[in-house]
Amino acid sequence: GEDVEQSLFLSVREGDSSVINCTYTDSSSTYLYWYKQEPGAGLQLLTYIFSNMDMKQDQRLTVLLNKKDKHLSLRIADTQTGDSAIYFCAERYGGATNKLIFGTGTLLAVQP
Amino acid sequence: DAGVTQSPTHLIKTRGQQVTLRCSPKSGHDTVSWYQQALGQGPQFIFQYYEEEERQRGNFPDRFSGHQFPNYSSELNVNALLLGDSALYLCASSKPNNEQFFGPGTRLTVL
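From first to last, the protein sequence lines stand for chains R and X.
So in my numbering, the last one in the first sequence is 112, and the numbering has no gaps at all.
So in my numbering, the last one in the second sequence is 1111, and the numbering has no gaps at all.
Among the hints, erroneous ones may be present.
Claimed, not checked - Okay, derived cross-link-like pairs now, DSSO-like style, lysine-lysine, Cα gap no bigger than 27 Å in a straight line: (1) X:Lys1095 x R:Lys56; (2) X:Lys1095 x X:Lys1026; (3) R:Lys68 x R:Lys56; (4) R:Lys36 x R:Lys70; (5) R:Lys36 x X:Lys1026; (6) X:Lys1095 x R:Lys36; (7) R:Lys36 x R:Lys68; (8) R:Lys56 x R:Lys36; (9) R:Lys56 x R:Lys70.
To be verified - So the derived label-pair ranges between C-beta atoms look like this: (10) R:Thr25 x X:Arg1057: 16 to 22 Å; (11) R:Thr25 x X:Asn1079: 28 to 34 Å; (12) R:Asp78 x X:Gln1041: 39 to 45 Å; (13) X:Arg1063 x R:Thr104: 20 to 26 Å; (14) X:Gly1084 x R:Ala77: 18 to 24 Å; (15) X:Glu1099 x R:Ala77: 36 to 42 Å; (16) R:Ser11 x X:Thr1020: 21 to 27 Å; (17) X:Phe1060 x R:Thr30: 34 to 40 Å; (18) X:Thr1020 x R:Arg75: 39 to 45 Å; (19) X:Ile1012 x R:Asp78: 25 to 31 Å; (20) R:Gln44 x X:Ala1038: 28 to 34 Å; (21) R:Leu8 x X:Glu1054: 30 to 36 Å; (22) X:Pro1008 x R:Gln44: 18 to 24 Å; (23) X:Asn1071 x R:Gly40: 26 to 32 Å.
Don't read these hints as lab results, they were simulated from the structure.
Built from N, CA and C at the ideal position, the CB exists for glycine as well.
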């Protein structure tokens, strides 16, 4: 089945680290993505990880992938108020296209 | 280099009407995907176009149809609108099997 799950809400203080978690179901997924959506806007691709990797670091962002448990996480170091947004994880569904299956999104609120 | 563009930004229709949404892909991209994002939800895949043909379709009724033009731009058509079709419609472009870049979306309200 196609199902990607995320916790709904996370609140952190400015300067702390944020960790957003995601579980997915399709073991044949080749890539897993993190997108950011600010109010009233489209989706901004933040980072992605190939399914044969365990970790990817990109400046303040660290992605961890546990394929055995089908668990993906996004860590944002030194979280800023500008990081406040909804974060979606998405898996590229196995098959001929690069169709994406999205989670329900995690609202990250950064308190000054 | 312009990113993915969509028009219009907002649209209000009444039940039973028909609507056409438009998308221009990022330069160099030839694949266009459409997603529907209901309020408080993640985007749901509608369909994908490549080489002017529908390549894959999500779980949406035939009221949702599309088209891709030779310049790779695309249209999404929805017939016989229902209240439940109110959503943000997102277009994403890519090269085949590469990461997708999203446009700002069209907010459709059905009254």
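Hints, verified against the model:
1. X:Lys1095 x R:Lys56: holds, 23 Å
2. X:Lys1095 x X:Lys1026: holds, 10 Å
3. R:Lys68 x R:Lys56: holds, 17 Å
4. R:Lys36 x R:Lys70: holds, 21 Å
5. R:Lys36 x X:Lys1026: holds, 19 Å
6. X:Lys1095 x R:Lys36: Given pair lysine 1095 of chain X, lysine 36 of chain R holds - Cα atoms ~21 Å apart, limit 27 Å.
7. R:Lys36 x R:Lys68: It holds: about 26 Å lies between the C-alpha atoms, which stays within 27 Å.
8. R:Lys56 x R:Lys36: With a Cα-Cα distance of about 17 Å, the restraint between lysine 56 of chain R and lysine 36 of chain R holds, given a limit of 27 Å.
9. R:Lys56 x R:Lys70: holds, 16 Å
10. R:Thr25 x X:Arg1057: 16 to 22 Å: With Cβ atoms ~20 Å apart, the hint holds.
11. R:Thr25 x X:Asn1079: 28 to 34 Å: Roughly 32 Å apart at Cβ, these two residues keep to the hinted range, so it holds.
12. R:Asp78 x X:Gln1041: 39 to 45 Å: About 30 Å separates the Cβ atoms of aspartate 78 of chain R and glutamine 1041 of chain X, which means 39 to 45 Å is violated.
13. X:Arg1063 x R:Thr104: 20 to 26 Å: Since arginine 1063 of chain X and threonine 104 of chain R have Cβ atoms about 25 Å apart, the given range 20 to 26 Å holds.
14. X:Gly1084 x R:Ala77: 18 to 24 Å: violated, 40 Å
15. X:Glu1099 x R:Ala77: 36 to 42 Å: About 23 Å separates the Cβ atoms of glutamate 1099 of chain X and alanine 77 of chain R, which means 36 to 42 Å is violated.
16. R:Ser11 x X:Thr1020: 21 to 27 Å: Given about 41 Å between the Cβ atoms, the range is violated.
17. X:Phe1060 x R:Thr30: 34 to 40 Å: violated, 24 Å
18. X:Thr1020 x R:Arg75: 39 to 45 Å: holds, 42 Å
19. X:Ile1012 x R:Asp78: 25 to 31 Å: violated, 42 Å
20. R:Gln44 x X:Ala1038: 28 to 34 Å: Violated - the Cβ-Cβ distance for glutamine 44 of chain R and alanine 1038 of chain X, about 20 Å, lies outside 28 to 34 Å.
21. R:Leu8 x X:Glu1054: 30 to 36 Å: holds, 34 Å
22. X:Pro1008 x R:Gln44: 18 to 24 Å: This hint holds: roughly 21 Å between Cβ atoms.
23. X:Asn1071 x R:Gly40: 26 to 32 Å: holds, 28 Å
Checked against the numbered hints listed earlier, the structure breaks hints 12, 14, 15, 16, 17, 19, 20; every other hint is satisfied.
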